[in-house]
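*Asks:* So the protein sequences, as listed, match chains A and Y. In this text, residue positions in the first sequence follow the numbering used here: the first is 458, and each later residue adds one. In this text, residue positions in the second sequence follow the numbering used here: the first is -17, and each later residue adds one.
Not one of these hints is a red herring.
With the Cβ distance kept under 8 Å, some of the chain A side facing chain Y (calculated, not the full set):
hint, residue
1, 548
2, 557
3, 560
4, 580
5, 581
6, 583
7, 641
Because the hints were derived from the structure by calculation, they are not lab data. C-beta: ideal position from N, C-alpha, C; glycine also.
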Amino acid sequence: MISKISPSVSAALADVPHGATIMVGGFGGAGMPNELIDGLLEQGASDLTIVANNAGNAEFGLAALLKAGRVRKVICSFPRQVDSYVFDALYRAGKIDLELVPQGNLAERIRAAGAGIGGFFTQVGFGTELAKANGVAKETREINGEMYVLESPIHADVALIKAERGDRWGNLTYRMTARNFGPVMAMAAKTTIASVHELCELGEISPEHVITPGIFVQRVVKIARAVTVASGVKAS
Amino acid sequence: MSYTKLTREQLAARVAKDIPEGAYVNLGIGLPTMVANHFAAGFEVFLQSENGLLGMGPAPSKGDEDYDLINAGKQPVTLLPGGSFFHSADSFAMMRAGHLDIAVLGAFQVAANGDLANWHTGSKDDIPAVGGAMDLAVGAKQTWVMMEHLTKSGESKLVSRCSYPITGVNCVSRIYTDLAVIDVTPDGFRLVEAVAGLSCDALSALSNIAILE
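Take the sequences, apply the hints, and build the full model.
*Replies:* Here you go:
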């Protein structure tokens, strides 16, 4: 019998190596796998590259990982938040690398990795500072009279994502806007670890409603909704 | 002759007036978000939010907030009946491929050739953050800018060339300010309308750049 269900967060994260590239789902608090990030903090892997939309809030989750000096580089679209002071201080002190990517390019570069695409041309970013990689202009091409920039896929060793329901084959559903980067990150990582609030029997999730098919998911770990920071339930 | 600037609410109402029923629209963070408050009851416009929803409704009443249901500004919102959720790559495909009819964005500067600057001041101490600004600016069928005409220190946000790092090249088609509605044309800025009592010449002088009549 195949079961991708991990007994605990620590078991799910046990083999994350130093130097890994780790995708972290979420947009703001929605879809942020806080318990998995806390688990990673406890697990100890360092010299990490984090791929996420944001770069952490206050001193929990991603910000805590940054504060602990475990992150070498962040690839994201919007690090600046009202409470992103941990990232801000590291960045200003030159203690962390930032690759800033327009959000749609970020999503599509991740999707490209998950879909086996070697690169793609997009108009987004053309003529801007973000059409450079390490200070060097990215390749451009005129297609049907419009200018495009060549963007490369972003692969990861591990994806940490937050889903709503999952089964032992790794099929997932998401809740409302907590879906955001989860489905594409699941496709782009060698090992995708999904937290779910509800474990289902096979077939209990309607096959019509599966958003991420189990082939993209290696581990599923149940997190009780009550202990979730961004649980999606009403504000207390 | 004296003139009165539009209030933020009046400006939002002015932008809303030009959005046709049935349009797929993304309203940027900040000032553009206010446009949503100015559609008549029963007037159907599809509001898209970059984090993966279409058919966005108004803010929930106090106590009904659900933090899995937020907008691009990370504020709790609601979903209208008929609304849908989707992942980030689909959300940005809606922009990039021009499925979205109109993006209304804030701006630091707009240049006479339609270049937009709205993501970064370029200052060394400023933490750069772009989010979906570049995708929206370039992707939507029409990119409108909604902004105060002058900066707090009185400088024009209409410029011959952006001094701030640009968000997109030649992407803005129309500008709504607290003083005027202006089209970006191959010949430069062209006045559509100005607030009562403000002539095109006076507006040009105030803007420190030619605005065609």
